[in-house]
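Spelled out, the chains give:
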Amino acid sequence: GQQVMQIPQYQHVQEGEDFTTYCNSSTTLSNIQWYKQRPGGHPVFLIQLVKSGEVKKQKRLTFQFGEAKKNSSLHITATQTTDVGTYFCAGPAGGTSYGKLTFGQGTILTVHP
Amino acid sequence: DAGITQSPRYKITETGRQVTLMCHQTWSHSYMFWYRQDLGHGLRLIYYSAAADITDKGEVPDGYVVSRSKTENFPLTLESATRSQTSVYFCASSEREWNQPQHFGDGTRLSIL
Chain A
1 GQQVMQIPQY QHVQEGEDFT TYCNSSTTLS NIQWYKQRPG GHPVFLIQLV
51 KSGEVKKQKR LTFQFGEAKK NSSLHITATQ TTDVGTYFCA GPAGGTSYGK
101 LTFGQGTILT VHP
Chain B
1001 DAGITQSPRY KITETGRQVT LMCHQTWSHS YMFWYRQDLG HGLRLIYYSA
1051 AADITDKGEV PDGYVVSRSK TENFPLTLES ATRSQTSVYF CASSEREWNQ
1101 PQHFGDGTRL SIL
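Those protein sequence lines, which keep their order, are chains A and B. Each residue of the first sequence is one higher than the one before, counting from 1 in our numbering. Each residue of the second sequence is one higher than the one before, counting from 1001 in our numbering.
Don't read these hints as lab results, they were simulated from the structure. The reader is advised that the hints may include incorrect statements.
Anything over 12 Å on all C-beta distances counts as not near chain A; from chain B, calculated [claimed, not checked]:
| hint | residue |
| --- | --- |
| 1 | Thr1015 |
| 2 | Val1019 |
| 3 | Thr1020 |
| 4 | Gly1063 |
| 5 | Lys1070 |
| 6 | Ser1111 |
Derived pair list, reagent style DSSO-like, types lysine-lysine, alpha-carbon separation capped at 30 Å [stated by the list, open to error]:
| hint | chain 1 | residue 1 | chain 2 | residue 2 |
| --- | --- | --- | --- | --- |
| 7 | A | Lys59 | A | Lys36 |
| 8 | A | Lys36 | B | Lys1057 |
| 9 | B | Lys1057 | A | Lys70 |
| 10 | A | Lys59 | A | Lys70 |
| 11 | B | Lys1011 | B | Lys1070 |
| 12 | A | Lys36 | B | Lys1011 |
Computed footprint of chain B on chain A, listed as stretches where at least three residues anywhere in the stretch have a Cβ under 8 Å from a Cβ of chain B [what the hints assert, rightly or not]:
| hint | region |
| --- | --- |
| 13 | 28–34 |
| 14 | 40–49 |
| 15 | 100–112 |
These figures come from a predicted structure and were not determined experimentally. Beta carbons are placed, not taken as given, at the ideal position from N, Cα and C, and that holds for glycine.
Let the hints inform the model, and build the full structure from the sequences given.
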């Protein structure tokens, strides 16, 4: 079945450093979504990428969708303590999806002040 | 704007007991989902529902039962709880249209002793 892999699993940075997490799918995706989960919280939708090679920015966050639509990345410039949490990518599940998503395992980001 | 509400937020029970986790959404979303979240496994889909009276298994359905008699409610029942079902459970919903993001509840933290 479809697999969505994320690396790294953990990332510790000093405040002000940059951070990148990578997402790779075993199959071509029609779109990819990114979610953030704060410690003790629930996943919250950040953004969706649809087009091959698409790049979207949200303030210090830059999201990219690969040309082959099988990989994606999230880059945070100059991390802040408010960026702490787990970042998940997710792609539509194969077959009759009914809105189902396959989530990556997530990257846990800690930011040291 | 409650959106999607899960109850209880915390639950402790014993092995062999039946326990039901509730999920209620006010958006009239067609699609609803139950996930469990365990360290190192990300979000794993237990069951999903495309509409009232339409449910199907996800990745890890064993030991769980769902129903959806009304669009807004999607309860998850552990028929005979086991320690391996200790986890954080998230309910989510999304609109029927293609490529819609999922909206998550606050989660239920379930401990089975």
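Consistency of the hints with the structure:
1. Thr1015: holds (26 Å)
2. Val1019: holds (20 Å)
3. Thr1020: holds (20 Å)
4. Gly1063: holds (20 Å)
5. Lys1070: holds (18 Å)
6. Ser1111: Serine 1111 of chain B is indeed farther than 12 Å from all Cβ atoms of chain A, at 15 Å.
7. A:Lys59 with A:Lys36: OK: lysine 59 of chain A and lysine 36 of chain A at ~15 Å, within 30 Å.
8. A:Lys36 with B:Lys1057: holds (25 Å)
9. B:Lys1057 with A:Lys70: Since the Cα atoms of lysine 1057 of chain B and lysine 70 of chain A sit roughly 26 Å apart, the hinted pair holds (cutoff 30 Å).
10. A:Lys59 with A:Lys70: Roughly 25 Å between the alpha carbons, so the hint for lysine 59 of chain A and lysine 70 of chain A holds.
11. B:Lys1011 with B:Lys1070: holds (24 Å)
12. A:Lys36 with B:Lys1011: Holds, at roughly 25 Å.
13. 28–34: Contact hint for the region 28–34 of chain A vs chain B: holds, 3 residues under 8 Å.
14. 40–49: holds (count 6)
15. 100–112: Contact hint for the region 100–112 of chain A vs chain B: holds, 6 residues under 8 Å.
Of the numbered hints given earlier, the model fails none.
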